[in-house]
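J.: Could you build all of it, start to finish, from the sequences and the hints given here?
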Amino acid sequence: MNETNSGNVDSNASFRYPVPIQTAEAIISATFICVLIIFTLLANIFVCFATLRFDCIRPLTNYFIVNLCIADILIAVISMPVYVLVQVYGNNAIQILLGGKFLSFWGCMDIFCGTASILSLSCISVDRYLAITRPLKYVRCMTWRRGFVMIIAVWCYAGTVAFLRQPMTYNQNQRKVYALFVFAASFLLPLIVIVVSYSKIFCVAQKHARDIVRRSSISQEEKFKRVSRDLKAAKTISVVIGTFVCFWAPFIVVSVCYSFNVWVDFIFANIVKWLAYINALLNPLVYSCVDKQLRSLVIKIVVCKGRRDEEAQMPLRAV
1 MNETNSGNVD SNASFRYPVP IQTAEAIISA TFICVLIIFT LLANIFVCFA
51 TLRFDCIRPL TNYFIVNLCI ADILIAVISM PVYVLVQVYG NNAIQILLGG
101 KFLSFWGCMD IFCGTASILS LSCISVDRYL AITRPLKYVR CMTWRRGFVM
151 IIAVWCYAGT VAFLRQPMTY NQNQRKVYAL FVFAASFLLP LIVIVVSYSK
201 IFCVAQKHAR DIVRRSSISQ EEKFKRVSRD LKAAKTISVV IGTFVCFWAP
251 FIVVSVCYSF NVWVDFIFAN IVKWLAYINA LLNPLVYSCV DKQLRSLVIK
301 IVVCKGRRDE EAQMPLRAV
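The numbers in full-length UniProt numbering rise by one with no breaks, and the one at position 214 of the sequence shown is 214.
By construction, these hints were calculated from the structure, which means they are not laboratory data.
Be aware that a few hints might be false.
[To be verified] No farther apart than 25 angstroms at their CA atoms in a straight line, the calculated lysine-lysine pairs in the DSS-like style are these:
id	residue 1	residue 2
1	Lys137	Lys207
2	Lys176	Lys101
3	Lys200	Lys137
T.: Below, the structure written as structure tokens:
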């Protein structure tokens, strides 16, 4: 009897004071996410600074990019740290440590931040579509007020999708319905918007390229340059869409599988979660590379920083 009581006490104590999981998978996962948090914050804060630091030709587009960075920063600040704790202590122990209500709220915030990030990508694609395919209408219609309304709508939409999780996940059937709802609202619909927008942009670029090729007054070299530019635009579109699909689709599919009680390997589930979080780091990097103006702003900051460092060292060199 005493031995049994002692065992119960030890078991209860282990739940009251969770012990970190000492497995290679847990250590690697937690370390990876911690490093990812640091780099995600640095990359997104830097791009925010770059877009707000200098006067821009198209400031409204850059504010959509800043909105994307803010969503990704929230993923790094809210979603990732709790996920690290889950990796370190395990689901059961962390539920006792933080409480079921907190974890439920964190689940909503995780969906909220991810949905806001994805919708911000959609806003950027729509903005670029209107600017390139209908430039005159874009200047007339895309006012600061409408841009602000779009940004507010992103966060309201994300909040609605996320916090419907509470009333819609009381039983298994409701969890299935909610999983399909999130799949449609947070992934499929934004994906359709992104694909259609960039496809239209590519069609316009192709049409311009064909018009250029038909003009006999333009030299062959100039035609080749412009067609090459068109192919470069196609590659850019492929990178943007491909990055979004490759890093979000596996996580969304696994989430739906979990809701339908389909077995998924634990390590694979962790990897697809990493991919969704890695996307928060890749977004500023991808847009810094593919967006010519944003890339020039980043280079300008780096060059200015280098010049200031050289000027600061000049008195020391003289001595």
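J.: Does each hint hold? Answer for all of them.
T.: Evaluated hints:
1. Lys137 with Lys207: holds, 19 angstroms
2. Lys176 with Lys101: holds, 21 angstroms
3. Lys200 with Lys137: Answer holds: Lys200 to Lys137 is near 16 angstroms, not above 25 angstroms.
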